[in-house]
Structure formats: structure tokens, C-alpha cells
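Undergrad: Residue-level listing of the chains:
Number of protein chains: 2
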Amino acid sequence: MDVHVQKYGGTSLADDKRLREVATRVIERKEQGKSMLVVVSAMNHTTEDLIARARRIHSHPSPRELDMLLSTGEQMSVSLLAMAVESLGYEVISLTGGMSGIHTDNRHKQARIIRIDAARILRELEQGRIVLVAGFQGITPDGDITTLGRGGSDTTAVALAAAVGAAWCEVYTDVDGVYTGDPNIIPEAQLLRAVTYDEMLELSRLGAGVLSTRSVELAKEHGVKLHVRSAFSAQPGTKVMEVEAMEEVLVRGVTMDANIARISVAGVPDRPGIAFGLFKQLASEGVSVDMIIQNLNRAQVNDISFTVSKDDAGSAVQACWTFLESIGGHGMVLQKDDVAKVSIVGTGITNSTGVASTLFGTLYEAGINIEMISTSEIKISVIIDAGQADEALRKLHGAFSLDSVELS
Amino acid sequence: MDVHVQKYGGTSLADDKRLREVATRVIERKEQGKSMLVVVSAMNHTTEDLIARARRIHSHPSPRELDMLLSTGEQMSVSLLAMAVESLGYEVISLTGGMSGIHTDNRHKQARIIRIDAARILRELEQGRIVLVAGFQGITPDGDITTLGRGGSDTTAVALAAAVGAAWCEVYTDVDGVYTGDPNIIPEAQLLRAVTYDEMLELSRLGAGVLSTRSVELAKEHGVKLHVRSAFSAQPGTKVMEVEAMEEVLVRGVTMDANIARISVAGVPDRPGIAFGLFKQLASEGVSVDMIIQNLNRAQVNDISFTVSKDDAGSAVQACWTFLESIGGHGMVLQKDDVAKVSIVGTGITNSTGVASTLFGTLYEAGINIEMISTSEIKISVIIDAGQADEALRKLHGAFSLDSVELS
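Taken in sequence, the protein lines are chains A and B. According to my numbering, the residues represented by the first sequence are 1 to 408, in order. According to my numbering, the residues represented by the second sequence are 1 to 408, in order.
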């Protein structure tokens with residue numbers, strides 16, 4: 001059986017007309033001889049509306065009850081899509097996460113898939129039915145409904161593709177694919193025809209937002225090839241997979257995250273265990289830290305700076321003060337919000353000496369000051385003034401010749 | 001464990017304020033030491049809105065997919081009610097029909113309960129939780145979602161009350177209970193404090209519409225006492241149960257059904273098998289026939305008249321013509337729509353000679369012609385001109401002293 005997996009996001013299912021378009025697209029592929037397994041999100045705004053409704057009743061509803069409520073969104077869209085397919089004369093069946101055999105742990109609102117029993121899906125596919133699955137949801141050992149957290153429908157699609165041995169998982173969204181940069185900032189940005197899983201992970205984490213991190217990790221782990229494409233255009237989209245040839249083009253894209261704050265703890269004693277103590281305190285407050293630098297600026301006195309998401313900035317500052325008190329009250333805590341993280345992404349980037357120097361040189365020539373630097377295998381990130389981030393992106397996009405990238 | 005069952009209809013859950021009122025009412029009873037098991041309908045208009053949405057996609061969606069869609073209505077209301085209970089600081093859990101162990105056959109849209117496994121409900125109740133169940137729904141042996149048809153949430157409540165051995169099932173609705181007649185037509189109509197199951201069945205079938213027929217039959221079968229009351233008033237409501245003393249008051253109420261048509265097949269030969277053939281044809285077209293009379297008006301020629309619901313009138317006439325053709329084309333089919341069925345209901349009514357004569361005498365004095373008559377153990381019904389139905393109801397209500405009924 002040649003199973004082909006598709007996933008449709010909320011905007012693709014926003015109204016009756018779009019539901020019919022999706023149904024037509026599914027049937028086209030079915031007519032090409034594929035066994036079709038389709039995962040759908042809730043319709044546009046449904047989840048937000050349900051959350052708003054819940055909050056009017058209870059400021060902090062229990063995660064279990066919230067999952068009971070939110071899972072209705074995908075159940076509605078999957079059954080309506082089934083009707084749209086029926087209306088075109090095809091055999092179809094819609095399944096909830098539980099019916100699809102997606103078994104999770106009981107961490108409501110952010111459940112992890114522990115096992116997939118695809119027997120029902122395979123049985124329906126073998127009978128020639130188009131199988132539609134409500135994304136984002138699973139079922140606990142007790143039979144309770146869970147949701148998989150942000151981007152959960154992508155996770156459902158990739159996990160099911162792995163479970164049924166599908167080679168490809170097409171992810172339909174409202175953008176054309178992954179670009180070398182944000183087209184809103186860089187008009188010359190090019191659509192990338194293909195990226196590796198690791199490149200996609202960095203591009204996604206850094207704001208491209210096309211695929212959830214977790215779904216890309218899962219796809220990499222199980223070797224499921226992803227194809228991100230628009231439900232509203234005939235653009236070729238972006239394939240996410242391991243390809244040797246892709247390493248020829250070094251820098252794949254530039255990207256930016258402005259939703260960060262820089263926290264500095266200044267004037268702490270330079271003695272062993274200080275950094276350990278500080279970040280232990282931050283972790284215990286649930287603050288997730290991204291980049292870290294430590295400057296020894298005077299004998300015996302240290303400055304430690306790090307970045308967090310803007311949402312976490314308040315808790316981070318609080319945790320820092322708590323830490324300073326615990327070591328005797330020395331030092332200061334400073335918060336800076338008007339910063340942005342600009343990154344260049346590409347496989348093998350940090351093994352190539354030319355890339356870092358081009359990055360630093362380009363920013364220097366543009367008069368942009370670099371506050372912090374961090375590197376990974378496939379990424380170099382710098383923290384700069386938020387007001388200069390767009391210009392930095394444009395200059396870097398040009399400097400790495402992304403305006404004229406050879407599309408593979 | 002002293003389990004108390006409550007059921008709330010859609011109007012009781014129409015908005016946030018009412019949800020909180022319901023939560024408060026549930027908690028009050030919990031505080032009286034009861035283990036609370038609560039069944040809820042979908043919020044007002046939700047089911048109708050979902051059906052309308054489905055019809056825009058497909059004029060005749062498959063019953064299975066419609067059940068997938070419609071069941072989200074109760075799942076939403078049950079989880080939101082859970083949040084309302086949580087917000088008042090009580091332990092609560094919401095369950096779908098499937099989670100509640102309501103196993104049905106696979107007749108979608110009108111499934112029958114085949115088995116209830118109440119283990120999960122009992123476990124949650126034993127842990128002191130308030131258990132909320134989404135009404136109207138169950139699960140097939142394959143794990144698919146079914147709905148129980150019209151009045152399905154009443155059925156859920158009564159079936160669960162029987163399964164957990166609850167003595168009482170309170171049914172909260174938007175009316176004060178069961179009256180001796182329709183208060184819109186008869187201002188003197190009195191609220192009945194108690195009726196028997198059979199009386200309730202007749203009153204419900206004939207238009208009181210407070211409880212579904214099926215739920216009353218189920219309650220009778222399992223000896224579950226029902227208490228119908230308003231979610232919006234402090235009225236005492238109507239109890240439905242077997243009580244000897246209730247037989248003292250003979251006629252319990254008068255009721256009317258104007259949604260009927262009278263069909264006459266005139267001039268058919270008077271020979272054996274004619275009536276059998278006609279009603280077999282009607283049954284094969286799915287037409288449900290209520291009252292039947294047959295007049296031998298000339299030698300060898302018969303008139304057969306019967307009543308059907310207005311919705312079925314078209315199919316009934318069609319079936320009659322088909323039948324007439326099959327016996328050689330003799331006879332005529334006539335349809336009359338402006339008729340109404342007026343009934344008096346009360347246990348033992350047909351064993352009391354005075355009742356029928358009072359009925360016929362009252363209508364005669366009011367100048368109302370009786371077209372058809374039928375009787376059952378606890379009911380006498382007459383078909384009269386629709387334009388005279390309200391007057392008939394008022395006259396009969398007075399004639400049987402229902403204006404001053406002794407409330408038990």
C-alpha cells in the first residue's frame with residue numbers, strides 16, 4: 001500500500017469553499033493511486049475562540065478540561081471535511097486522535113505520543129477509504145483526551161506518516177514554503193526548494209514558524225520527508241529532507257527573533273559556582289535561557305548576560321535578584337528589551353572560516369554593533385539593537401548572495 | 001454511595017451566567033451529601049447550528065460523520081460546565097459518552113444503548129468527584145461515536161441512573177413541569193405534582209414535549225423516578241413514578257396535536273386483505289400511521305381513513321395511490337390537513353364509563369364534530385376540526401375539573 005500523508009492547517013479549512021478545495025486536492029492525489037491519510041487542524045480561530053470562552057468561565061481551567069474542550073475543534077473540522085469528500089462521491093472516514101490509535105502520556109495540553117496503534121487506519125485504507133484524522137490530539141491509558149501542544153497537528157501528521165511507513169508528508173499551510181529570509185523585510189528573499197532537517201529546525205525556531213520544532217525532530221528521527229507548501233498557490237514549496245547536494249550552498253537563510261530580552265547581572269564576585277548558582281535559580285523558576293556570555297571586566301568581579309523570551313523576562317529578573325540576595329546582596333540586574341537576535345543558518349556553517357568573517361564584516365560596515373555572539377553546528381547568531389535588525393537582515397541576505405540563490 | 005442524577009437541557013446552559021447557575025445548583029446538592037452524576041445537553045442552538053453547517057457542505061452527509069460532528073456540542077458544554085464547577089473550588093471530571101461506558105449499536109443518529117459499563121463513573125464518584133457526562137452520545141464496538149436521536153440526553157440520564165442504581169433522576173428544563181393542559185391555550189391549567197410513567201408517556205407523545213418517550217419508557221422499565229423541573233424557577237416540578245394514590249384523580253390532563261393530517265382512501269372493494277395490503281404498502285414507504293377507522297358505507301365498498309404526521313402526508317398519499325393501482329385502479333385518495341387530535345389522559349380512563357360520555361357530551365354541547373375516535377388504557381383521543389381544537393381543550397379542561405385539580 002502506497003500511503004501518502006497530507007496535513008492541512010486552520011487557514012486551509014477556514015470556510016466552506018476552502019473545505020471543498022481541500023477535498024478536491026485530496027481526491028486528486030487519491031486518483032493518482034495513493035492511499036490517502038489526511039491530518040487536519042481546527043478551523044481558523046476555532047481554538048482561540050474556545051480558549052477565550054473557557055477563560056470567561058475560569059481564569060485557569062484544569063488542563064484536562066481544556067483538552068476536552070479544545071479537541072472539539074479538530075473533531076468539527078475533520079467531520080466537516082469528511083462530508084466535503086463524501087459530497088464529491090468518495091468513500092471517506094474521519095477519526096479522532098483516540099480512534100486513530102494515538103496513545104499519549106497524561107500530560108494534558110502538552111502530551112507526548114507514547115505509542116501509535118495504526119491498525120484501524122490501515123484497515124480503513126485497505127478498504128479504499130480516504131482516512132481523515134483530527135490532528136493535535138491523543139488519548140491517555142485511562143481513555144481521556146489529550147492535546148499535543150503547539151504545532152500538535154504537524155506532530156500528528158509526521159507521527160502517523162512514520163507509523164504507516166509513508167515516505168512523504170505534505171504539510172499545507174498559508175505560506176509558500178521556507179524562504180532565505182522574511183519576504184516582508186527582504187523583498188529579494190528566495191523560496192528554498194529544499195533544506196535539511198537541521199536547517200529547518202534552526203529556521204523554524206528562529207521565527208520562520210512554518211513547521212513546529214517537534215514535528216521536524218520527529219521527521220528527522222523517522223526519516224519522513226516533509227514537503228511544506230501553500231494550500232492557496234501552485235508554488236513548488238520546500239522539501240525538508242537529508243540531501244548531500246544541499247551542502248553546496250552554505251548559508252541557507254537569514255532570520256530574526258525580536259521577541260527576546262537581554263538580562264545582565266553585573267558586579268557579581270568572580271568565584272567558582274556563581275554561574276551555576278544563577279542558572280540553577282533561573283531553571284527553578286521555569287525560565288528558559290538562550291544565549292549566555294560572561295565578561296570578566298575587573299579583577300574579582302563578573303558580568304553575566306543572557307537572553308530569554310520577552311514573556312520570561314519578568315520572572316528572569318526576579319530570579320536574578322533572588323540569587324543576588326542569596327550570595328550576600330552584591331551586584332545589579334539590568335533588563336534590555338530593544339534587542340533582536342539575527343542568525344544565519346546553513347549546514348556546516350561554523351566549519352567554514354569565511355562565513356563568520358563575512359557576517360561580522362557586513363555588520364561592521366553597516367555600523368551595527370554586536371552585543372553577543374553564539375554559534376552552533378549550523379547557525380551563527382548575534383544579538384544587536386532591535387532598531388537595526390531589519391537592515392542587518394537585508395545586508396546579510398545580500399552579502400551571502402541569497403538574493404540569487406541557486407534553487408535545488 | 002448515594003448517587004443523585006441530574007440532567008440539564010440546552011437552555012439551562014445557554015450562556016456563561018447560566019452555566020454558573022447550573023454549577024451552583026449541582027454543588028448545593030453535593031453539599032447535601034449526594035454523589036453527583038450530571039448529564040448535559042449541547043448548549044442552546046449548538047446542534048441546530050452544526051446541522052446547518054453540515055448541510056451547507058453536503059445535503060445528505062452520512063449519519064456516521066454527522067454523529068462525529070454533532071457530538072462535539074455536548075463535549076463543549078460538558079467541559080465548560082466542568083470549568084464552571086472547578087471555578088467554585090470543587091473536584092470535577094467531564095466524560096464523553098464513550099468515556100462513560102455507554103456502548104451502543106452502530107445505528108448512527110438513532111443508536112440504541114446495548115450496555116453500560118459504569119466502572120469509570122463509579123471510580124470517579126468514589127473519589128468524591130462531581131461527574132459530568134456529555135448526553136446524547138455513545139460509542140460503537142468499533143470505537144465510533146454515535147448519537148441517540150431526539151431527546152437523547154434524557155435517555156443518557158435515565159440509563160445512567162439505572163446503571164448506577166440512583167433512585168432519582170432530576171430533569172432540568174425550561175418549563176415548570178407537566179400541566180393539566182397547555183397554559184398558552186388554557187390559562188387555568190394546573191401544574192401536576194405527580195404523574196405515572198404511562199400518563200407521562202401519553203402526555204409527552206401528545207405534545208407536552210417535556211421528556212422524550214424513550215427516556216420515560218426506560219425509567220419505567222428500570223424503576224427510575226423522574227423529577228421534571230425548571231432550571232429557572234423555584235417551582236416544585238412534576239414527579240414521574242408509580243403511585244397508587246394517583247389513580248384517585250382520573251383525568252390528569254388534556255392535550256392536543258395539530259401536526260397531523262387525515263388521509264382517506266375511499267371506494268375500495270370490501271374484500272379480505274385490502275386493509276392489510278394498504279398498511280403494508282404504507283409501512284414499506286416508512287409511513288407511521290396513528291389512528292385508523294374503516295367505514296362500510298355501501299355494499300361491497302369501503303372507506304378507510306387514518307392519521308399520519310403532516311411530514312409523512314405526502315408519502316402516505318403516494319403509497320395509497322400505489323396501492324390502489326395494484327388492486328386495479330378503483331377508489332380515491334383524499335388528504336385533509338386542518339385537523340387536530342385532542343386527547344384526555346389518565347390512568348384507568350377507559351374503564352370508567354363516565355369519562356367517555358363526558359368527553360362526547362362536552363364536545364357535542366360546544367358544537368364540535370368528532371371525525372374519528374381512538375382509545376387506549378389511559379387515553380381517549382378524538383380527531384376534530386383544527387379550528388375548534390383550542391376551544392375543545394378549554395371546554396374539556398373545565399368539564400373534567402382540571403382547573404381545580406387536587407395537587408398530590
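It is worth saying that the hints were derived from the structure and are not from the lab. Keep in mind that a hint or two might mislead.
Note: identical chains are not told apart, hence a pair may lie in one copy or across any two.
[To be verified] Here are the simulated DSBU-like pairs of lysine-lysine, each with C-alpha atoms no more than 35 Å apart in a straight line:
id	residue 1	residue 2
1	Lys310	Lys34
2	Lys395	Lys30
3	Lys395	Lys17
4	Lys34	Lys109
5	Lys109	Lys17
6	Lys30	Lys336
7	Lys225	Lys34
8	Lys225	Lys280
9	Lys395	Lys336
10	Lys280	Lys220
11	Lys109	Lys30
12	Lys109	Lys280
13	Lys34	Lys336
14	Lys280	Lys34
15	Lys280	Lys17
16	Lys30	Lys225
17	Lys30	Lys310
18	Lys220	Lys34
19	Lys395	Lys109
Undergrad: If a hint holds in the structure, say so; if it does not, say that too.
TA: Hint by hint, here is what the structure shows:
Taking the closest pair of Cα atoms, Lys310 and Lys34 never come within 35 Å of each other, the shortest separation being 45 Å inside a single copy and 48 Å across copies. Taking identical chains as interchangeable, the C-alpha atoms of Lys395 and Lys30 are never at most 35 Å apart, the minima being 45 Å within one chain and 68 Å between chains. In the homo-oligomer, the alpha carbons of Lys395 and Lys17 never lie at most 35 Å apart, since the shortest distance is 42 Å inside one protomer and 56 Å across protomers. Both within a single protomer and between protomers do Lys34 and Lys109 lie at most 35 Å apart by alpha-carbon distance, with minima of 33 Å and 32 Å respectively.
With identical chains, the CA atoms of Lys109 and Lys17 are at most 35 Å apart both within one copy (31 Å) and between copies (26 Å). Taking CA atoms no more than 35 Å apart as the test, Lys30 paired with Lys336 passes in neither setting, with 54 Å inside one copy and 52 Å between copies. In this assembly of identical chains, Lys225 and Lys34 lie within 35 Å of each other by CA distance solely inside one copy; the values are 16 Å within and 56 Å between copies. Proximity of Lys225 to Lys280 under the C-alpha cut-off of 35 Å is found in neither arrangement, the shortest distances being 38 Å within a copy and 61 Å between copies.
Only within a single protomer do Lys395 and Lys336 lie at most 35 Å apart by alpha-carbon distance; the minimum there is 24 Å, versus 84 Å between protomers. Taking the shortest Cα distances, Lys280 and Lys220 sit within 35 Å of each other inside one copy (31 Å), while across copies they are farther apart (65 Å). Both within a single protomer and between protomers do Lys109 and Lys30 lie at most 35 Å apart by alpha-carbon distance, with minima of 33 Å and 29 Å respectively. In the homo-oligomer, the alpha carbons of Lys109 and Lys280 lie at most 35 Å apart inside one protomer (26 Å), although the nearest pairing across protomers, at 56 Å, exceeds that limit.
For the homomeric pair Lys34 and Lys336, neither the shortest alpha-carbon distance inside one copy (53 Å) nor that between copies (57 Å) is at most 35 Å. Taking the closest pair of Cα atoms, Lys280 and Lys34 never come within 35 Å of each other, the shortest separation being 52 Å inside a single copy and 48 Å across copies. Neither within a single protomer nor between protomers do Lys280 and Lys17 lie at most 35 Å apart by alpha-carbon distance, with minima of 52 Å and 45 Å respectively. Taking the shortest alpha-carbon separations for Lys30 and Lys225, only the intra-copy value of 19 Å comes in at or below 35 Å, while the best inter-copy value is 54 Å.
When the C-alpha separation of Lys30 and Lys310 is checked against a cutoff of 35 Å, the pair qualifies neither within a copy, at 45 Å, nor between copies, at 44 Å. With identical chains, the CA atoms of Lys220 and Lys34 are at most 35 Å apart within one copy only, with a shortest distance of 23 Å there and 54 Å across copies. Neither within a single protomer nor between protomers do Lys395 and Lys109 lie at most 35 Å apart by alpha-carbon distance, with minima of 41 Å and 62 Å respectively.
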